[in-house]
Amino acid sequence: MRPLVERLRAAHRHAFAALESAVDGWFLGLLARFVFAAVLLLYFLNSARTKVGDGLLGFFDVADNAYYQIVLPAVEAAGGDVSQVALVPWGLIVWAGTYAEFALPLLIVAGLFTRLAALGMIVFVIVQSYVDIAVHNVDAQTVGAWFDRFPAAPVADQRLLWGFLLIVLVVRGAGRVSLDAALARWWQAGSRPAATARPA
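Letter by letter, the sequence shown follows residues 1 to 200 of our numbering.
Read the hints as simulated data drawn from the structure, not as lab findings.
One or more of the hints may lead you astray.
As the list claims (entries may be wrong) - The calculated label-pair distances, taken between Cβ atoms and stated as ranges, are: (1) Asp139 - Leu160: 16 to 26 Å; (2) Arg192 - Asn137: 53 to 63 Å; (3) Trp95 - Asn137: 16 to 26 Å; (4) Ala38 - Phe60: 26 to 36 Å.
Quick reminder that beta carbons are idealized off the backbone N, C-alpha and C, glycines included.
Whole structure, please, built from the sequences with the hints as guidance.
Rendered as structure tokens:
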């Protein structure tokens with residue numbers, strides 16, 4: 001019986017060692033970016049789209065709606081007049097939040113500056129959750145709770161999973177199938193010293 005158990009343990013080790021070796025360096029980063037693109041990319045881009053003006057040139061015009069979504073207390077303090085909201089810090093916060101919501105998801109999907117983009121998205125999601133709870137006063141069912149039997153609360157449950165996905169990218173990077181990897185290869189190729197020509 002013991003030799004059989006040892007053979008099974010050895011087979012287990014070899015099988016999963018082979019699996020780890022086969023996917024090392026490319027799979028997790030690529031899969032995390034695919035899941036992000038499939039589940040979250042359009043969510044964030046559509047959300048960002050509500051914060052800018054209409055048309056092509058409207059992209060460069062932060063809409064009033066962005067102020068109401070991001071810095072509602074500052075708008076209320078200005079009597080509801082967005083034009084009276086101070087540029088520093090509120091206007092800069094709105095501007096940075098709006099265009100980060102466009103740029104960071106696209107960088108993650110492309111695999112460019114992936115670790116920094118994923119770290120930025122973690123901060124973004126934390127701020128987004130705080131604003132939803134403290135400013136927009138979403139109800140308790142929307143906030144949800146951990147360690148209960150309801151796994152679908154938009155804030156506590158879903159965004160925890162988003163955070164885990166992003167942490168994978170911060171820790172592991174985008175992987176070999178990414179612009180980060182292509183840039184690293186290009187940089188290494190360019191930094192190699194030129195071969196010294198031998199005299200004839």
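Next item on the list: Evaluate the given range 16 to 26 Å for the C-beta pair formed by Trp95 and Asn137.
Entry: The hinted range 16 to 26 Å holds for Trp95 and Asn137, with Cβ atoms some 25 Å apart.
Practice problem: Please test the hint of 16 to 26 Å on the beta carbon pair from Asp139 and Leu160. | Solution: holds, 18 Å
Hint says 53 to 63 Å; check whether the CB-CB distance for Arg192 and Asn137 agrees. The hint (53 to 63 Å, Cβ to Cβ) holds, given that Arg192 and Asn137 are roughly 58 Å apart.
Q) Is 26 to 36 Å a correct range for the gap between the Cβ atoms of Ala38 and Phe60? A) For Phe60 against Ala38, whose Cβ atoms are near 29 Å apart, the range 26 to 36 Å holds.
Consistency with the previously given hints is maintained throughout, with no hint failing.
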